[in-house]
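Make a model of the complete structure from these sequences and hints.
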Amino acid sequence: MGHAHLALCFSLAYQLWLILVFISDRDEEMALEMRPRSGERDHARKKQKVRTHKMSEAVAQEAAAWEVGELGRTSYAASRAKTHDLYGVDRSELQEELEGTERCLAKSQCLLKESRGKFRSMEDQLLVSSRDVSTAQEKAEKAEEALAKETQVALEKDKRIIMKYKC
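Using mature numbering (1 follows the signal peptide of the UniProt record, and there is no 0), the letters of the sequence shown map in sequence onto residues -23 to -1, 1 to 144.
If you are wondering where the hints come from, they were derived from the structure by calculation, not from laboratory data. Do not rely on the hints blindly, as some may be mistaken.
Okay, derived cross-link-like pairs now, PhoX-like style, lysine-lysine, Cα gap no bigger than 25 Å in a straight line [said to hold, decoys possible]:
| # | residue 1 | residue 2 |
| --- | --- | --- |
| 1 | K126 | K116 |
| 2 | K136 | K126 |
| 3 | K134 | K119 |
| 4 | K84 | K95 |
| 5 | K126 | K141 |
Label-pair restraints from in silico Cβ distances [unchecked claim]:
| # | residue 1 | residue 2 | range |
| --- | --- | --- | --- |
| 6 | V110 | D135 | 33 to 43 Å |
| 7 | L82 | E121 | 35 to 45 Å |
| 8 | M140 | K119 | 29 to 39 Å |
| 9 | L103 | E127 | 28 to 38 Å |
| 10 | E122 | C81 | 58 to 68 Å |
| 11 | V110 | L132 | 30 to 40 Å |
| 12 | A(-11) | E76 | 21 to 31 Å |
| 13 | C87 | I(-5) | 39 to 49 Å |
Note that the structure is a prediction, hence the values are computed from the model and not measured. Beta carbons: idealized from backbone N, C-alpha and C, even for Gly.
Given below as structure tokens:
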């Protein structure tokens, strides 16, 4: 929510800047075309201040709505939600794409959790198998040692028997 709030603030500040630049450029062009009398000039400045003040109020209302979570209640937000932005991008398409990405991300997170669970169970099975292999290896080594002793004893008996028949 913090990133969205920051992006909204930057967007609103940029739009406010565009409006102010547009208004000041238009007023300068009008001033060059015809020179108003002093009373008219003051009236034009007051109109510009009123427009700027109303825009500032709209920006402040929308920022407050973002903080409270009631963005849809401001008319400025409603007009922005159903139209294209300054670059001609359809917001509804982007919103649908974002929602699709969020759904895909949620599914991926579920699959990741399942995979982690399967991995942990496989790891546990591997540890059990490893213990079984190590105990089997120990038993095989003991059997090999016993067999080696029996073989040695049998060889000695065979040598004695052979020595008896030779003598």
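Hint-by-hint comparison with the structure:
The hinted pair formed by K126 and K116 meets the criterion: a straight-line CA distance of about 15 Å does not exceed 25 Å. Distance restraint check for K136 and K126: the Cα-Cα separation of roughly 15 Å lies within the 25 Å cut-off, and the hinted pair is therefore satisfied. A C-alpha spacing of about 23 Å is found between K134 and K119, which places the hinted pair at or below 25 Å, so the restraint holds. Between K84 and K95, the direct Cα distance comes to roughly 16 Å. Compliance with the 25 Å bound is thereby established for this hinted pair.
Taken as a hint, the K126 and K141 pair is honoured in the structure, with Cα atoms around 23 Å apart against an allowance of 25 Å. For V110 and D135, the hinted distance range of 33 to 43 Å is satisfied, since their beta carbons lie about 36 Å from each other. Look at L82 against E121: about 56 Å separates their beta carbons, and that is not inside 35 to 45 Å. Under the hint 29 to 39 Å, the C-beta atoms of M140 and K119, about 32 Å apart, fit the expected range.
A beta carbon spacing of about 35 Å between L103 and E127 agrees with the range 28 to 38 Å that was offered as a hint. One distance hint, 58 to 68 Å for the beta-carbon pair E122 and C81, holds here, with the actual separation near 60 Å. Taking 30 to 40 Å as the suggested C-beta distance range, the pair V110 and L132 conforms, at roughly 32 Å. Our hint of 21 to 31 Å for A(-11) and E76 holds, since their Cβ atoms are close to 27 Å apart.
At roughly 45 Å, the beta-carbon separation of C87 and I(-5) lies within the given 39 to 49 Å, and the hint holds.
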